[in-house]
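S.K.: The chain contents come next:
There are 2 protein chains.
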Amino acid sequence: MNIEDLLKQKSEWLRGIGPDSDIVVSSRIRLARNLRGYPFTHWGGDDEKAEIIEKIVTVCEKISRLKGALFLRINEISKVDRQFLVERHLMSREFGAEPEHKMLIISSDEVMSVMVNEEDHLRIQTMKSGFDLKNAWNIIDAFDEALAKELDFAYHDEFGYLTACPTNVGTGMRASVMLHLPSLVLTKQIDKILQAIAKLSLTTRGLYGEGTEASGNFFQISNQVTLGRSESELIEHISGMIGQVIEHERNARNALLEKNEARLKDRVWRAFGILKSSRIITSSETIDLLSSVRLGCDLNILPGMNTELLNELFIITQPAHLQKLEGKKLTPEERDLKRAQIIRERLNI
Amino acid sequence: MNIEDLLKQKSEWLRGIGPDSDIVVSSRIRLARNLRGYPFTHWGGDDEKAEIIEKIVTVCEKISRLKGALFLRINEISKVDRQFLVERHLMSREFGAEPEHKMLIISSDEVMSVMVNEEDHLRIQTMKSGFDLKNAWNIIDAFDEALAKELDFAYHDEFGYLTACPTNVGTGMRASVMLHLPSLVLTKQIDKILQAIAKLSLTTRGLYGEGTEASGNFFQISNQVTLGRSESELIEHISGMIGQVIEHERNARNALLEKNEARLKDRVWRAFGILKSSRIITSSETIDLLSSVRLGCDLNILPGMNTELLNELFIITQPAHLQKLEGKKLTPEERDLKRAQIIRERLNI
Numbered sequence: 001m002n003i004e005d006l007l008k009q010k011s012e013w014l015r016g017i018g019p020d021s022d023i024v025v026s027s028r029i030r031l032a033r034n035l036r037g038y039p040f041t042h043w044g045g046d047d048e049k050a051e052i053i054e055k056i057v058t059v060c061e062k063i064s065r066l067k068g069a070l071f072l073r074i075n076e077i078s079k080v081d082r083q084f085l086v087e088r089h090l091m092s093r094e095f096g097a098e099p100e101h102k103m104l105i106i107s108s109d110e111v112m113s114v115m116v117n118e119e120d121h122l123r124i125q126t127m128k129s130g131f132d133l134k135n136a137w138n139i140i141d142a143f144d145e146a147l148a149k150e151l152d153f154a155y156h157d158e159f160g161y162l163t164a165c166p167t168n169v170g171t172g173m174r175a176s177v178m179l180h181l182p183s184l185v186l187t188k189q190i191d192k193i194l195q196a197i198a199k200l201s202l203t204t205r206g207l208y209g210e211g212t213e214a215s216g217n218f219f220q221i222s223n224q225v226t227l228g229r230s231e232s233e234l235i236e237h238i239s240g241m242i243g244q245v246i247e248h249e250r251n252a253r254n255a256l257l258e259k260n261e262a263r264l265k266d267r268v269w270r271a272f273g274i275l276k277s278s279r280i281i282t283s284s285e286t287i288d289l290l291s292s293v294r295l296g297c298d299l300n301i302l303p304g305m306n307t308e309l310l311n312e313l314f315i316i317t318q319p320a321h322l323q324k325l326e327g328k329k330l331t332p333e334e335r336d337l338k339r340a341q342i343i344r345e346r347l348n349i
Numbered sequence: 001m002n003i004e005d006l007l008k009q010k011s012e013w014l015r016g017i018g019p020d021s022d023i024v025v026s027s028r029i030r031l032a033r034n035l036r037g038y039p040f041t042h043w044g045g046d047d048e049k050a051e052i053i054e055k056i057v058t059v060c061e062k063i064s065r066l067k068g069a070l071f072l073r074i075n076e077i078s079k080v081d082r083q084f085l086v087e088r089h090l091m092s093r094e095f096g097a098e099p100e101h102k103m104l105i106i107s108s109d110e111v112m113s114v115m116v117n118e119e120d121h122l123r124i125q126t127m128k129s130g131f132d133l134k135n136a137w138n139i140i141d142a143f144d145e146a147l148a149k150e151l152d153f154a155y156h157d158e159f160g161y162l163t164a165c166p167t168n169v170g171t172g173m174r175a176s177v178m179l180h181l182p183s184l185v186l187t188k189q190i191d192k193i194l195q196a197i198a199k200l201s202l203t204t205r206g207l208y209g210e211g212t213e214a215s216g217n218f219f220q221i222s223n224q225v226t227l228g229r230s231e232s233e234l235i236e237h238i239s240g241m242i243g244q245v246i247e248h249e250r251n252a253r254n255a256l257l258e259k260n261e262a263r264l265k266d267r268v269w270r271a272f273g274i275l276k277s278s279r280i281i282t283s284s285e286t287i288d289l290l291s292s293v294r295l296g297c298d299l300n301i302l303p304g305m306n307t308e309l310l311n312e313l314f315i316i317t318q319p320a321h322l323q324k325l326e327g328k329k330l331t332p333e334e335r336d337l338k339r340a341q342i343i344r345e346r347l348n349i
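So the protein sequences, as listed, match chains A and B. Okay, so the first sequence: first residue is 1 according to my numbering, each after it adds one. Okay, so the second sequence: first residue is 1 according to my numbering, each after it adds one.
Worth double-checking, as some hints may not be accurate.
Stated by the list, open to error - Below are the DMTMM-like pairs computed for lysine to aspartate or glutamate, each with C-alpha atoms no more than 25 Å apart in a straight line:
id: 1; chain 1: A; residue 1: Lys134; chain 2: A; residue 2: Asp266
id: 2; chain 1: B; residue 1: Lys265; chain 2: A; residue 2: Glu326
id: 3; chain 1: B; residue 1: Lys265; chain 2: A; residue 2: Asp288
id: 4; chain 1: A; residue 1: Lys265; chain 2: B; residue 2: Glu326
id: 5; chain 1: B; residue 1: Lys338; chain 2: A; residue 2: Glu326
id: 6; chain 1: A; residue 1: Lys265; chain 2: B; residue 2: Asp266
id: 7; chain 1: B; residue 1: Lys265; chain 2: A; residue 2: Glu334
Note that these hints are calculated values from the structure, not bench results.
Build out the structure end to end from the sequences listed, making use of the hints.
M.R.: Structure, rendered in C-alpha cells:
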C-alpha cells in the first residue's frame, strides 16, 4: 500500500453510515501514550526519537489490526502529501509542520492511525462513521492492549498515563464527535448550546481540530477532562451530552420544515444548483454549499442524493486532494477551476 | 380576441430575431398625434374625450392592419390587467393610472398599439424584435397615413405636428431601441458610453421607459429631438449611434472571452443553475440572472438555450403576468414561489 492508494479509496468514516448519521459525521477516539524511560518528544534527542520509532514500528508490524498498513516517514514525503494526510484527518497539522523523526502508520481501511513522536511518543486514533464512540473505543482499546503487551508505557498508579501536556494526563483519551448542525445555526440557537456544552467540560472546535473555526456548520465536540474518570465513564458522559445536541438539531430541523419549508428548500436547491453549475469555486464556498446540500439530503429534500458522495466531496475538494487528483501542483486559481470541475462531474450523474 | 389570448401568445418583439438580436432586444417607434379642433387631453372635458375615442375607434376599425385587433376601455378592465398591459409594453404606466376615457387598441400580433387620450389624443406605437427601426418606421408610417386619410391631425406648416408637450412637437416621433449591454457594465465602460450618447441628443432609460432605472443591464436609447429634422433623418441618426454602441458591446464581449473566459462562464452557468433550482425568487434577482443567461446564450456558452425562451421568461415572471397565469391574485411571497416554479418548468427541459 502507498499514499496513492489512499486517494483511490474512501475512508470508513466517510461512508455516511452508523447511528444518527444524518447529524453525526464521525466519531473519533485518540489515546496519548509515552514510553517509559524516554523524555517526552520535545525534550528528546535525535537518537532517542529514532530509537522510539524503531521500537514502535517493530511492534506495530506484528499487530494483526495493522496488516497491510502504510508506514510513512514524514520527512520522506512531499509537502502536498503531508497536507493530504491532514485533510484526511489521519494526522495533525503540527505533526506535518516539523517532519523530522516522525512516523505515521495508517491501517489499510484508515480506521486506525498512529502518529509516532507527536507531542507524545504515540498518538493512536480510531475514526468511525456516525455516532459510534463505543465501537471506536472497543477498537482502540484492543489495539492499545496489544501495544501494551510489547511496550512499556509511562504510567503512574495515581495519575494514570503520563503525557507531555498535563491536560492529557490520566486516560490520555480524547473522544470527539463531528456534528453537522445547520439548523441550530440557522435558528440562531447554536451559541446557547455551545455555551451549555462548555459548562459541562466539553470543548467545541472546527473541522480540523484545535484552533480551527467552525465552517460549513460542522462542529467537533470533545471531552476536556481526561483525569479522574475511567474511559467508559468519559465516553458515557460525552455520549449523553451529544445525544442531547442531536435532539436539539433534530427539533430545529423539524421546526424549519414546519414553519419555513419553502425557504429551506430554496436554500438547499440553490446550493445544489450552484455546485452543479459553477466553473470557479473556492474551498470555503464549497463547504458552505455542501453543508446545505447535506441538510437537504438528510431531510429527503433532494431525492437520490447520498451522504457518502457528499462526504467524499468535502474531502476531495481540499487543496492537497485536488493536486493529487490532478497529479501536479496547482495555483489557488487553478484549484478553484479544478474543484468546480470535479464537483460538476460527481454531481451531474 | 381578448386579453387572455395575449397571455397565450408571444409578442413579435420577443422572438429574439432580427438584425443584431444578440444585443438588441427590440426597436420601437411611437408617434404623437392630436385631432384638430379639440383641446389636448389634460384640458379636455369628458364629452370631448368620449367623442375623440369614438372618432378614432371608428377609423381604426376600418384599417386592415388592425383586423382582429383588441379594443380595450381601460376603466373596464381590472388593475391586474392594466399592469399586465404595461408589463407587455403595450401601454404606459401613466395611461393605466388614470383609466377614465382611455382606450387601448392592440393589433392581433402585438406589433401595433394605439393609446387614445394619453398625453396626446393618439399615441401610436410599433415594436419589432432586433435592431430594425427602418422596418418599424415603414409599418407605423403606413398606419399613420391610413389614419391621416380619415382624421384631421393638428399640424402646423412651420412646426409640424402639434403635441401636448413641446418636446414632441415636429415629427412627434420617438424611436427607441432596447439594448442588452452586460459586457459594457461588467467592464465598467457603460457610464462613459451613456455620457457620450447624452451629448448626441439621445436619452437612456430603463426597461419601462421614462423614470425607470436600468435593470438587468437593459438600456433603452431614444431620440430627444423631434423638431427640425425629418423622421428618416432622425432614424438614421439614432441608428448610426446605436450601431456604435453595439460595436462597443461586441468588443467588450470578445475582450471578456479572451481575458476572463472562465469567470464569464462561471457567471453564466451559476445564473443558469440558480434559475433552474431556486424555489423562491424575486423579480429583480430574476432579471439579473436572466441577463447573465442571455449573455451566455448569445456567446454560445449555453448550448441549446434560445433567446426567445429567455425573452418570454423576462415577460411572464413579472407580477401581473404571474397572477394572470395563476388565475388569481397573489401576494408578493406567493409570486416569488410561483415565479421560481415557472422558471424551473421552462428551463428544465
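S.K.: Now look at each hint and say whether the structure bears it out.
M.R.: Hint by hint, here is what the structure shows:
1. A:Lys134 - A:Asp266: violated (38 Å)
2. B:Lys265 - A:Glu326: holds (22 Å)
3. B:Lys265 - A:Asp288: holds (22 Å)
4. A:Lys265 - B:Glu326: Status holds; Cα separation ~22 Å.
5. B:Lys338 - A:Glu326: violated (43 Å)
6. A:Lys265 - B:Asp266: At roughly 23 Å apart (the allowed maximum being 25 Å), Asp266 (chain B) and Lys265 (chain A) satisfy the hint.
7. B:Lys265 - A:Glu334: holds (15 Å)
Comparing the model with each numbered hint stated earlier shows that hints 1 and 5 do not hold.
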